[in-house]
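S.K.: Residue numbers (the numbering used here), protein chains in the order written: chain A, 489 to 597; chain B, 313 to 498.
Because the hints were derived from the structure by calculation, they are not lab data. Take the hints with a grain of salt, since some may be wrong.
Some residues of chain A that are not near chain B, with every Cβ distance over 12 angstroms (derived) [claimed, not checked]:
id, residue
1, MET498
2, ASN519
3, LEU541
4, LYS545
5, SER567
6, LEU579
7, GLY582
8, LYS588
9, ASP591
10, ILE593
Here are the simulated lysine-lysine pairs, BS3-like style, with alpha carbons at most 25 angstroms apart [to be verified]:
id, chain 1, residue 1, chain 2, residue 2
11, B, LYS315, A, LYS564
12, A, LYS526, B, LYS315
13, B, LYS353, A, LYS526
14, A, LYS564, A, LYS526
15, A, LYS588, A, LYS545
16, A, LYS545, B, LYS393
17, A, LYS545, A, LYS529
18, B, LYS315, A, LYS529
19, B, LYS315, B, LYS341
20, B, LYS353, A, LYS545
21, A, LYS500, A, LYS524
22, A, LYS526, A, LYS500
Positions of the beta carbon are idealized from the N, C-alpha and C atoms, including for glycine.
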Amino acid sequence: MEIENAKAQMRKGVLELCILSVLSRGDAYANDLINKLKDAKMIVVEGTLYPLLTRQKNAGLLSYRWEESPQGPPRKYYSITEVGRAYLNDLLNGWDDLVKTVDTIRNNS
Amino acid sequence: MKKTISVNLSGNMFVLDEDAYQVLDNYLKQLNRHFANEEGKQEIIADIEARIAEHLKTNIKVENQVISIDEVNRVIEIMGKPGDIDDEQPASDSNSNYRSYRKMYRDLDDKILGGVCSGMGHYWRVEPVLFRIIFVLTLFWGGLGLLIYIVLWIVVPPALTAAQKLEMRGEPVTAENIGKSFDKKN
């Protein structure tokens, strides 16, 4: 179980980056986001996504609008903001640096 | 035969079995506690409710179909228990959120007359037979014990729902425990 926990912690660290990445390629319903993240095995349970979305929205990184849906009440349609794009770029640079650092450590020992 | 309860979940109406309703209601209460200190709590819960509604809708084939406890458990499994959703908070604090507390109920599953003694037994974690002996002994001292017993019978509510039975035993009322006590029954 320890190893699974360690992996889960790693995924959690980059989940924010993944949400913004998906949205940077186009607006999406929560459903689309969940399917992409689940397929990529980034999230295990769907509930994980919602607190993150609300935090990112409150931080001004993304916004949403209500879209009518053919069956049932309107649904939230998320899009990334300019602030969110800048934030994502920072995160991606950080990610690249991290990958490089880890590679250096692994290969130089 | 089972009682049903109809609910409005994110603008959709659903008809749930009573036990299914209790599990769902408890799950949402747990989430409320979990996100209690979160700025966007209302919004997070509303989003999750909307998603639960979407999931429940996919398995509804006919109008007025009643949603069973299995179906609710399936959706909760997909959404995740509060602990799985985000455990950024230290584990110690999530435990204190679900602190169990005990309430006095009459235990109708283990009763001689009204379940008063077994209820007191659960409350003080003492064998109920002790209270039974005390009450029987007081019969020889005039009727005071009998009077007390009858007053308790009237005043102490019976543990009817799964949640009340858990409270009576001092077990935390979580969807998981309610599921367990339903399993025990069936």
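S.K.: Could you work out which of the previously given hints the structure breaks and list their numbers from low to high?
M.R.: 2, 3, 4, 11, 12, 15 and 18
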